[in-house]
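Residue numbers (this note's numbering), protein chains in the order written: chain G, 1 to 269; chain F, 270 to 538; chain H, 539 to 807.
For the record, the hints were derived by calculation from the structure and aren't laboratory data.
Yeah, the Cβ is synthetic: ideal placement off N, Cα and C, and Gly gets one too.
Treat the hints with caution; some may be incorrect.
Stated by the list, open to error - Straight-line distance between alpha carbons at most 20 Å, and here's what the computed EDC-like set of lysine to aspartate or glutamate pairs gives:
no.: 1; chain 1: G; residue 1: K236; chain 2: H; residue 2: D794
no.: 2; chain 1: H; residue 1: K774; chain 2: F; residue 2: D354
no.: 3; chain 1: F; residue 1: K505; chain 2: G; residue 2: D256
To be verified - Covered, in the sense of this in silico footprint (three residues per stretch, anywhere, with C-beta under 8 Å from a C-beta of chain F), are these stretches of chain G:
no.: 4; segment: 110-122
no.: 5; segment: 236-249
As the list claims (entries may be wrong) - Covered stretches of chain F (chain G as the covering partner; in silico rule of three or more C-beta atoms under 8 Å from a C-beta of chain G):
no.: 6; segment: 283-296
no.: 7; segment: 334-343
no.: 8; segment: 365-372
no.: 9; segment: 452-464
no.: 10; segment: 508-516
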Amino acid sequence: MTYHPLGDMLAALRESTPLVHCMTNYVAMNSTANLLLATGASPAMLHAAEEVAEFTAMANALSINIGTLSAPWAESMQLAARTADTTDTPWVLDPVAVGATEFRQRVCQALLSHRPSVIRANASEVMALAGLASQGRGVDATASVDDATHAAMTLAQRQRCIVAMTGETDVITDGSHHVRLTGGHPLMPRVTTLGCGLSALVAGFVAANREHPLAATLAALACFGIAGHRAGQQAKGPGSFQVAFLDALYQLTPEDLSSQSQVETLHAV
Amino acid sequence: MTYHPLGDMLAALRESTPLVHCMTNYVAMNSTANLLLATGASPAMLHAAEEVAEFTAMANALSINIGTLSAPWAESMQLAARTADTTDTPWVLDPVAVGATEFRQRVCQALLSHRPSVIRANASEVMALAGLASQGRGVDATASVDDATHAAMTLAQRQRCIVAMTGETDVITDGSHHVRLTGGHPLMPRVTTLGCGLSALVAGFVAANREHPLAATLAALACFGIAGHRAGQQAKGPGSFQVAFLDALYQLTPEDLSSQSQVETLHAV
Amino acid sequence: MTYHPLGDMLAALRESTPLVHCMTNYVAMNSTANLLLATGASPAMLHAAEEVAEFTAMANALSINIGTLSAPWAESMQLAARTADTTDTPWVLDPVAVGATEFRQRVCQALLSHRPSVIRANASEVMALAGLASQGRGVDATASVDDATHAAMTLAQRQRCIVAMTGETDVITDGSHHVRLTGGHPLMPRVTTLGCGLSALVAGFVAANREHPLAATLAALACFGIAGHRAGQQAKGPGSFQVAFLDALYQLTPEDLSSQSQVETLHAV
Chain G
1 MTYHPLGDML AALRESTPLV HCMTNYVAMN STANLLLATG ASPAMLHAAE EVAEFTAMAN
61 ALSINIGTLS APWAESMQLA ARTADTTDTP WVLDPVAVGA TEFRQRVCQA LLSHRPSVIR
121 ANASEVMALA GLASQGRGVD ATASVDDATH AAMTLAQRQR CIVAMTGETD VITDGSHHVR
181 LTGGHPLMPR VTTLGCGLSA LVAGFVAANR EHPLAATLAA LACFGIAGHR AGQQAKGPGS
241 FQVAFLDALY QLTPEDLSSQ SQVETLHAV
Chain F
270 MTYHPLGDML AALRESTPLV HCMTNYVAMN STANLLLATG ASPAMLHAAE EVAEFTAMAN
330 ALSINIGTLS APWAESMQLA ARTADTTDTP WVLDPVAVGA TEFRQRVCQA LLSHRPSVIR
390 ANASEVMALA GLASQGRGVD ATASVDDATH AAMTLAQRQR CIVAMTGETD VITDGSHHVR
450 LTGGHPLMPR VTTLGCGLSA LVAGFVAANR EHPLAATLAA LACFGIAGHR AGQQAKGPGS
510 FQVAFLDALY QLTPEDLSSQ SQVETLHAV
Chain H
539 MTYHPLGDML AALRESTPLV HCMTNYVAMN STANLLLATG ASPAMLHAAE EVAEFTAMAN
599 ALSINIGTLS APWAESMQLA ARTADTTDTP WVLDPVAVGA TEFRQRVCQA LLSHRPSVIR
659 ANASEVMALA GLASQGRGVD ATASVDDATH AAMTLAQRQR CIVAMTGETD VITDGSHHVR
719 LTGGHPLMPR VTTLGCGLSA LVAGFVAANR EHPLAATLAA LACFGIAGHR AGQQAKGPGS
779 FQVAFLDALY QLTPEDLSSQ SQVETLHAV
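Looking at chain G on its own, in the form it has when it is part of the complex (with noise of 0.2 Å):
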């Protein structure tokens, strides 16, 4: 497999600075904001049922993040995540701890049909989604990613979708095409929501290369494992890592991302 330098992705990123809407949980809005616009992206934050239809439809890109789901809030995604579809928007969906309460399947269930650009989740929220065994502690991911490889896969086949899945190490897929990507940092599981704040960059990243997103969504991810590996090279532990890893995503150039990117393609498993 073939794709468009990373790095291209990024300075599309940068020059056309996508407006992403972020329906996102609590814990993470600030820092969600903050990733977006050290990277290059322009974040808004908003949910209310009388808005939200109005402001998807405007923005160039939407992310759902059900961390700290209610039902208004999650009547609201329903309302962004069917416009997204219907105007032919991004979005990517975040289904934290989508196996813990069957409330969250419910919901997650309902968002699938809206058809997301992009499924950004760990191992464990993988399986739950592609309807197999989750081992999943609340937000912890505990199913290895080998094991959700093959889960990871199906579920982009089904969605016809792209599927990201987090971890130690990564896997991207759309179904047909499998990337594994390496970087990043032991501490980075040891700072919040810094995955919920990746969903919401792959949404900028795609409505900015509307053209690759595969390769975009590749870059994403690909910005956090060098700016994690960075940031770890500095830090004297989680506080100090999250400065310097804002720092290092706006300081990265779209030259480290084409050369320091740790990609390797995958057959199927």
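Based on these hints, arrange chains F and H on the given structure of chain G.
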């Protein structure tokens, strides 16, 4: 125009540590609280209809920011703003993205009837509130400050309040006196919700300086300008900027504020 | 009074990484999650009535903080607290500003009937819960720790729970044993929601040390005391303090905790 030394405004804030009742968006809550604590005010966040009026009545100031608006919050905001108006408590309106949806315009029009002391907004929002064409793209300001200065003056005169319009250059006006303020750093727009926090800080400054609302507003903006400039000198990106900015607000002295603020009197345009 | 070495409590936390179901205020969510992850616990934030009991039943601990209370959240908190009581899951109540409004007093009284394991509060809140005069000014503590020590003992005896009253000096009591803890740094009150995060950390420590709830509570507070002191040595203000504090919690060893905690046994006053 002459005005009170800005350093006096900061000294008064630190001496009285005004309790600022903040009704702000989910993205901004944590950073707003930290910005107020670093500078010398005392934040409290609560919003339930069951208690909001009771609390506003005992606070020294109120700050309302409609960022992540919803119907229940809009109702509580009306209760709080009405209480502030009735009890003569200074209050600040931050009309985030008011031009973006009908819902926001409707809620803001209702809030304006409770006579805010100060409106803190970007150029697009000022133009939308003034009834002029808004080019607002979500939460971004795309109207130039020059285009919007006239709108700010018009809005201040119509509402009989102070308008603090922030951007690369700030314009502060009470309808009769018009001031321009420069400072800050290009990294500031790369950090989320600094403007939201500034609105709450303005509320604190006005509460601590009831006789001098225009100078108090100017002092709050000047704190951001000087601290932002200093933080920018040390920062490697938006992560280290945030850290240095909180430290700079904490270290800022009244003498710094009086001597380093870059204020220029404007004539009506 | 003798108690288990505090370092053992931290070692147990890190070995079991307890899943702490956090129902906390919007201001505190992100910082609470990061404080738990840095120290070694696993946070999960969710609050919908549709799922909250289901989740509490599988978590290792529950922490309820009423900071940005609303009627739907109050209802969910009752469901979660009742579940924790029924399933014998340790749970912590953080009654933010309980003395400030009638709404908060009513909600806290109902929550107390579900028998919290620990109440973590400042002096004003302890006095309000104990039914003594509160001088609470919003979320600030204006009652002195000395004034409130008696109230803490009374409350612990009446509720048959641990009361962890924090301030410049902390007082921890189960009604029979009373301990005083010093440490920390004057910058800590200049950073928002550290106390809120501490409540959730107490929940994690108690879950990881079911046989020793008093020592576990003390260990959580001692982590904050030592890490706060260390962070304060390096910080230039509240921005760099936050970064250094997360790093210090991450770097803290069980040996540090056993050797450096400043604990003193109290006699009833």
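Taking the hints in turn, this is what the structure says about them:
1. K236/G to D794/H: 17 Å, holds
2. K774/H to D354/F: Violated - the C-alpha atoms of D354/F and K774/H are around 39 Å apart, more than 20 Å.
3. K505/F to D256/G: Roughly 17 Å separates the two Cα atoms, so the pair holds.
4. 110-122: Since three or more residues must qualify, the claim that chain F covers the segment 110-122 of chain G is violated, with 0 doing so at under 8 Å.
5. 236-249: Since 8 is at least three, the answer is holds.
6. 283-296: holds (count 3)
7. 334-343: holds (count 5)
8. 365-372: Holds, because 5 residues of the segment 365-372 of chain F bring their Cβ atoms closer than 8 Å to Cβ atoms of chain G.
9. 452-464: Holds: 5 residues of the segment 452-464 of chain F have a Cβ under 8 Å from chain G.
10. 508-516: Coverage by chain G holds here, the residue count being 4 at a Cβ distance below 8 Å.
Of the numbered hints stated above, those contradicted by the structure are hints 2, 4, listed in ascending order.
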